[in-house]
Amino acid sequence: MPSGRVLIDEERCKGCGLCIAACPQKVLAFSGKINRSGYNYVHMEHPEKCVGCAFCAMTCPDVAIEVYREKVAA
Amino acid sequence: MPVNTENMVKVFGRPESLTDARFTYCPGCHHGILTRIIAKAIDELGIAERTVTIAPVGCSVFAYLWYKCDAVQASHGRASAVATGLKRANKDLIVISYQGDGDFASIGTAESIHAANRGENITVIFVNNQIYGMTGGEMAPTTLVGQRTTTTPDGRDPAYFGYPIRFSELIATLDAPVYVTRQALYDTRRIMDAEKAIKKAISYQVEGKGYSLVEVLSTCPTNWHMSPLEANRHVAEVVTEAFPLGDLVDRGG
Amino acid sequence: MGERKLMRGNEVIAEAAIRAGCECYFAYPITPQAELLEHMARNMPRLGRTFVQAESEIGAINMLYGAAAAGVRAMTSSSSPGISLKQEGISYIAGSNLPAVIVNIMRGGPGLGDIAPAQGDYFQATKGGGHGDYRMIVLGPSTVPEAGELTILAFDLADKYRVPVMILADGMLGQMMEPVELPDPVDPATLPKKDWALTGAKGRDPNIILSFDLDPEVLKQMNLVLQEKYRKIEDNEARYEEYQTDDADIVIAAYGTVARIAKTVVRRARAEGIKLGLFRPITLWPFPYEPLRELASRVKTVLTVEMSAGQMWEDVRLAVAERAETPFYGEMGGVVTTPKKILSEVRKYAR
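Chains as they are written, first to last, in my numbering: chain A, 1 to 74; chain B, 1 to 253; chain C, 1 to 351.
Fair warning: there could be bad hints in the mix.
[To be verified] In silico DSS-like cross-links for lysine-lysine, where the CA-CA straight-line distance does not exceed 30 Å:
id, chain 1, residue 1, chain 2, residue 2
1, C, 202, B, 68
2, B, 10, B, 91
3, B, 68, C, 220
[To be verified] The calculated label-pair distances, taken between Cβ atoms and stated as ranges, are:
id, chain 1, residue 1, chain 2, residue 2, range
4, B, 45, C, 214, 29 to 35 Å
5, C, 188, B, 21, 31 to 37 Å
6, B, 170, A, 29, 23 to 29 Å
7, A, 40, B, 170, 39 to 45 Å
8, B, 246, A, 24, 45 to 51 Å
9, C, 217, B, 91, 48 to 54 Å
10, C, 131, B, 4, 54 to 60 Å
11, C, 48, B, 46, 23 to 29 Å
12, B, 20, C, 46, 44 to 50 Å
Worth flagging that the hints you see were computed from the coordinates, not collected in a lab. Idealized CB from N, CA, C, for every residue including glycine.
Looking at chain A on its own, in the form it has when it is part of the complex (with noise of 0.2 Å):
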C-alpha cells in the first residue's frame, strides 16, 4: 500500500463529518479544537493508516481538502 498525506484547511472544514465517514482507512477523526467560524475541524488521527486514496476530499462539501501520495520510485 503507498502512503498518502491529506492536508485538511482547518478555517474551510465545517467538522459535517462526511470525510470521516468515508476514509476506509479510518485515518480522520473530528479534531476537538474549534475554528474561527466556530466548527470543530477533522484532522488526521492516524496519519500512519493513510493511503492517499483521495476519497475524503471527493466527499468534502467545502474543498478543504489536499491529497498527496508518496512518489514511487520508477
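Following the hints, complete the assembly by docking chains B and C onto the known chain A.
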C-alpha cells in the same frame, strides 16, 4: 501539527477554475461537492475562459462567487431563459445554468421546459433536495410524499398537495434534449458517476450537440433536521426510491 | 442614403431596430404588435441574427436580459398585458445596469381590456412598474417616421447609460401606415465594445452581472450609482416639441397619438381665433418639467389630453403647479378621441 508532504505528489487539490471564496452553504450540504465537480469539468475541458455560469435564486444565489468565470445572476426560475439569451447572442460561450428544484421545477416550469424543447445548446444542472432551503424549509415541487416541511407540517399529503414531480422524466419525453440524467452525491461511487455525467453534459455543449440536463439529488441536512451522514443515508435509501438514478436520454454518443 | 417606403408603425420599429444593429429579438405574440414580431421573424434569421418566439413574455424579457448581458443590442416587444408580465425582468435589467430596448404598443386595460389603442400604461412605464428604485427612459413617438427615429435613439441611449429604454406607443401608431425614410443600417461589429459584457474571462478578471447584495450598505451604494445616472439622464435627455406656443393663451399637453390629433385641433382652434398651442413631451421619462414650467408661466390654461383617466396629467400638474389652470380631458377603454371632441373641450377655456 503541520503535515509534512515533502517528497510527495499532490493527487487531489482545488480545481483551477474555483476561486478562493469559501462556500456559504451549511455543513454537509451537497452544493459544495457539486460546485467542485463543475469546476473540475471546466478545468478538464479547458473552457474557463469562455464559460458563463448562471446563479439562480436560493441558497446557491452566490454561485457567481465560486468560479473564475463570467457570471450572471438570474431571477427566480428564469435561468434557462437567461441562458437562452446568452447562448443565442454568442454561440462561443459555454453556458451553465445552475438551478434548484423550486427554481427549475416550480416557478420556472415554463422556461425550463421550453429551453429544453428548443434544444438550446446549454447545460442545466438541476439540484433536487426536495425542499426550499434558503427561505426556511418549505415544501418543494419535489418534496416526498409524507415529508414534513414548514408548509407541510403534517407531512406532504398527495391528496391535498399533489405528488413529487419527476421533472427530468418530463424533459426526457421531449425530442430535442441530447442528454438527461439523474445523479447523486451520497457516496464516492455516486460522486464519481456524477463527475462523468457533468463532464459529458458540458462536453456535448462544447461539441454543439444541444441541450443537457443533469439532475443531482442533493441533501439539506439543516432543513431535513438530520446530520449530514443521516442525510446521505436518506438519499441512498429513501429519495432514490422516488427519484431513480441513471440516464434517461443519451442521444449524444 | 436611406430609402423611402410606405410602412406600418409596427414594421418601422422592427426595421429601425434591425438597422440600429439589433442582433437579438425575443417576443411572444400579442395584438396589436404582432406585425412587429412577424417582421422580425421574416428578417432576423436571413441576416444571421436571432429571432426567438419565446414561451411567454416572462421568457422573452429574461432572454433579453441574457442577450444584453452578453453585450449585443437586443429588443423585445409586447402590448400592455404582456408588458405587465415583463416588469420583474425590467427591474432586473435596470438593477443590473444593462442596456435593452422594450417596445409597448399599448391597448385598452386594465385586465384583458381590449385591443384598441390606449395610453393607460404611462404610470407603469414612467414611474416604474416593477419593484425597487429604478427608472427607465421612455420615448413616446407620435408619428410613424418618429417611431423609427426614436427606436434608433432608444438603442443609442440604452448603450450610453446602460439602462432599459421603452418605446411607448399605442395600437393606432402600430397599425397606421405612413411614408418613412429608413436610415442606412449600422453594422453591429462597428459598435463600441462593451468591456463589462459577459464574453468569457479571457485575459481579464471575471465580469459579473447582478442586481444583488445582501449587505444593505453595499446595496445602497449600488442604488446611489443608479440614482446618479438617472440625474444625469434627467439633466441631458429630456426631449419635447412645442407647436404654436409663442402667442398661446391655452396649451394642450399631450403625447403620442393624442398629440398628433391635437395638432389638427390647434389649427382648427386658431381658425376660430383661439390662441391654442401644443406641448408634446417626447421623453415621458425624463419628463420635460422645466420647459413646461416656463411655458406655463406665459399661458392661462394647460389642458392635458390623454387616452387614459389622467396619468401624464400628474406630471403636468407637477410642472405647472399654480402657474396656470390645469384641466384634464381623457378617453378610456380604447376609445380614440377626435379633433372635434378636443376642440369642444378647448372652447370651455377660451374666453
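- Mind checking the hinted window 23 to 29 Å against the Cβ distance between residue 170 of chain B and residue 29 of chain A? violated, 44 Å
- Given the hint of 44 to 50 Å, check if residue 20 of chain B and residue 46 of chain C actually sit that far apart at their C-beta atoms. The hinted range 44 to 50 Å holds for residue 20 of chain B and residue 46 of chain C, with Cβ atoms some 48 Å apart.
- Task: Could you say whether the range 54 to 60 Å given as a hint is met by the Cβ separation of residue 131 of chain C and residue 4 of chain B?
- Result: For residue 4 of chain B against residue 131 of chain C, whose Cβ atoms are near 56 Å apart, the range 54 to 60 Å holds.
- Task: Could you say whether the range 45 to 51 Å given as a hint is met by the Cβ separation of residue 246 of chain B and residue 24 of chain A?
- Result: violated, 25 Å
- Message: Between the beta carbons of residue 188 of chain C and residue 21 of chain B, is the distance compatible with 31 to 37 Å?
- Response: This hint holds: roughly 35 Å between Cβ atoms.
- Item | Range hint 39 to 45 Å (beta carbons of residue 40 of chain A and residue 170 of chain B) holds or violated | About 43 Å separates the Cβ atoms of residue 40 of chain A and residue 170 of chain B, which means 39 to 45 Å holds.
- Query: Straight-line Cα separation of residue 68 of chain B and residue 220 of chain C no greater than 30 Å?
  - Reply: Holds: residue 68 of chain B and residue 220 of chain C sit about 26 Å apart, inside 30 Å.
- Item | Given pair status - residue 91 of chain B, residue 10 of chain B, alpha carbons within 30 Å | violated, 36 Å
- Query: Hey, residue 202 of chain C versus residue 68 of chain B, does the alpha-carbon distance stay inside 30 Å?
  - Reply: holds, 10 Å
- Can the suggested window of 29 to 35 Å be confirmed for the beta-carbon pair residue 45 of chain B and residue 214 of chain C? Check passed, 32 Å falls within 29 to 35 Å.
- If you check the beta carbons of residue 48 of chain C and residue 46 of chain B, does the distance land in 23 to 29 Å? About 28 Å separates the Cβ atoms of residue 48 of chain C and residue 46 of chain B, which means 23 to 29 Å holds.
- Task: Could you check the hint for me, namely that residue 217 of chain C and residue 91 of chain B are 48 to 54 Å apart, CB to CB?
- Result: violated, 40 Å
Figure legend: structure checked against the earlier numbered hints; hints not met, in rising order: 2, 6, 8, 9.
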